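Participant: Protein chains in written order, with the working numbering: chain P, 1 to 319; chain V, 1 to 134.
Hints are computed from structural coordinates only; laboratory data are not their basis. In this text the structure is predicted, and so the values were computed from the model without any measurement. Please note: incorrect hints may appear among the correct ones.
Stated by the list, open to error - Non-contacting residues of chain V with respect to chain P, defined by C-beta distances greater than 12 Å in every case (computed):
1) Thr27
2) Glu33
3) Ser61
4) Leu78
5) Ser81
6) Glu89
7) Lys93
8) Asn119
9) Pro125
As the list claims (entries may be wrong) - Listed next, the in silico DSSO-like pairs over lysine-lysine satisfying Cα-Cα at most 27 Å (straight line):
10) Lys14/V - Lys169/P
11) Lys21/P - Lys122/V
12) Lys121/V - Lys21/P
13) Lys14/V - Lys174/P
14) Lys93/V - Lys104/P
15) Lys309/P - Lys233/P
16) Lys18/V - Lys175/P
17) Lys233/P - Lys174/P
Note that beta-carbon positions come from the ideal geometry of N, C-alpha and C, so glycine has one too.
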Amino acid sequence: MSRPELTGHASSFYNEKEARKYDSSSRMIGVQREITERAIELLRIPEGKPGFILDVGCGSGLSGKVLEEQGHIWVGCDVSRDMLDVANERIERKREGVINAARKKQNDDLDEEKMQDDDSDDDEDEEPCASTGDLLHHDMGSGLPFRPATFDGCISISALQWLCYSNAKGQIPKKRLTRFFSSLYQVLRRGARAVLQFYPETAEQAILISECAAKVGFAGGVVVDYPNSTKAKKHYLVLTFERAFKAPEGLSEGSLFGSGKRESVRVDRKANNKKGKVHKKKWGKTKDWIVNKKDVQRKKGKDVRPDSKYTGRKRGDRF
Amino acid sequence: MRLLTHNYLQSTVKGTEKGYPLKIEATTIEYEESPFDAEFVRSLIPKIDYSTVLIGIQQISDKLEESNNIQGITIPDLPESIENEDLQEDLLKKLHTVLFDIHVVEGDLVCPDTGRRFNIKKGIPNMILHADEI
Chain P
1 MSRPELTGHA SSFYNEKEAR KYDSSSRMIG VQREITERAI ELLRIPEGKP
51 GFILDVGCGS GLSGKVLEEQ GHIWVGCDVS RDMLDVANER IERKREGVIN
101 AARKKQNDDL DEEKMQDDDS DDDEDEEPCA STGDLLHHDM GSGLPFRPAT
151 FDGCISISAL QWLCYSNAKG QIPKKRLTRF FSSLYQVLRR GARAVLQFYP
201 ETAEQAILIS ECAAKVGFAG GVVVDYPNST KAKKHYLVLT FERAFKAPEG
251 LSEGSLFGSG KRESVRVDRK ANNKKGKVHK KKWGKTKDWI VNKKDVQRKK
301 GKDVRPDSKY TGRKRGDRF
Chain V
1 MRLLTHNYLQ STVKGTEKGY PLKIEATTIE YEESPFDAEF VRSLIPKIDY
51 STVLIGIQQI SDKLEESNNI QGITIPDLPE SIENEDLQED LLKKLHTVLF
101 DIHVVEGDLV CPDTGRRFNI KKGIPNMILH ADEI
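Just chain P, same shape as in the assembly (with noise of 0.2 Å):
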């Protein structure tokens, strides 16, 4: 699956169709709330204390919704303004469920009727709510339009990447990465966290996006949860301000808690395997396998080809 950063400008990626598709999609919805519940665990607020949250890269605010699940009011801004138009429609879907549920409470106590859930969203209580959230039509790769000191946390899901790549004239990622970040910086409240999590096409990328962060000022770290899983590894930039901050540890599979190995800032593979013993991939072997079995060939002393970026590289499928 190619990556939709490299199609274009997100506001074009993600137009009407393309908007409606992803937030009409249950697994999408899914993976989104489960992202965005870590992402709040990770911003480490205390229990039932509401904040003024931001919520960057917001889309059609599925994120938004968990937020004001947990009591949080939020502020969402977005570069596409198909995917803004379709959080508005739900947050409007929400307001009639408000009203209605308010016109069916009157109409029970007076007729003692079974009350019947509205049909929008799926997975509401009872009682629907306004939402709380209010939305940004704007780019964070040119800052963020708000005053120093206003936010008690920030979290972002699946949008930081796409400031790595330049989708116009003049605009250099490394330079929209620093002015978000700095911006970023100044927005927060002393003691507020930020939790960003992105999807980095490459190591240089998490790198990248971990050196501007630090350059502002920022400390913290990228907490990676399932590095073991292509599928379900997640990287959660977890920027704070406490500058002895240690990073939390990811998330593994078989284990609540992490299985005690804390991926540092510095995302690669090569990390996992210091005494060269690896575990086999299920579908067959791993590069470094391969380099590790040539080392030991040229130990004995046989002739092995140098190592190069095409060592165990993916071949074609041969017919």
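Based on these hints, arrange chain V on the given structure of chain P.
Facilitator: Quick look at chain V alone, frame taken from chain P:
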């Protein structure tokens, strides 16, 4: 766009001196009641710029009366300053109504320094900057 959000919005156009507070020129306003949390409003008070809230209310007051969605909701009277005010529940409730329940649906936000206009459509302000404004 709520008045709470407006309280924090600032123009970050290059060369702007301050860019705050943005002047609201509303054409359509809506009212939507939302659940009231006294403690949350109380915790918000030190964080908002109260004078901006008053200015914001004043700027939309004429449109507020015109809006047919309001059904007789009047703008609550707010005191000039809340610093020494005793934060009673009914004052908090008024603040809640003003900050959360009034939505500017259509209109413009105007930068006080440069006059740059940010359009609000369907309740969403367009803060996208042109290439030369970044």
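Participant: Against this structure, judge whether each hint is valid.
Facilitator: Okay, the hints, checked on the actual structure:
| no. | hint | in the structure |
| --- | --- | --- |
| 1 | Thr27 | holds (17 Å) |
| 2 | Glu33 | violated (7 Å) |
| 3 | Ser61 | holds (21 Å) |
| 4 | Leu78 | holds (20 Å) |
| 5 | Ser81 | holds (20 Å) |
| 6 | Glu89 | holds (18 Å) |
| 7 | Lys93 | holds (16 Å) |
| 8 | Asn119 | violated (9 Å) |
| 9 | Pro125 | violated (6 Å) |
| 10 | Lys14/V - Lys169/P | holds (19 Å) |
| 11 | Lys21/P - Lys122/V | holds (21 Å) |
| 12 | Lys121/V - Lys21/P | holds (23 Å) |
| 13 | Lys14/V - Lys174/P | holds (19 Å) |
| 14 | Lys93/V - Lys104/P | holds (25 Å) |
| 15 | Lys309/P - Lys233/P | holds (24 Å) |
| 16 | Lys18/V - Lys175/P | holds (23 Å) |
| 17 | Lys233/P - Lys174/P | holds (25 Å) |
Checked against the numbered hints given earlier, this structure breaks hints 2, 8, 9; the rest are met.
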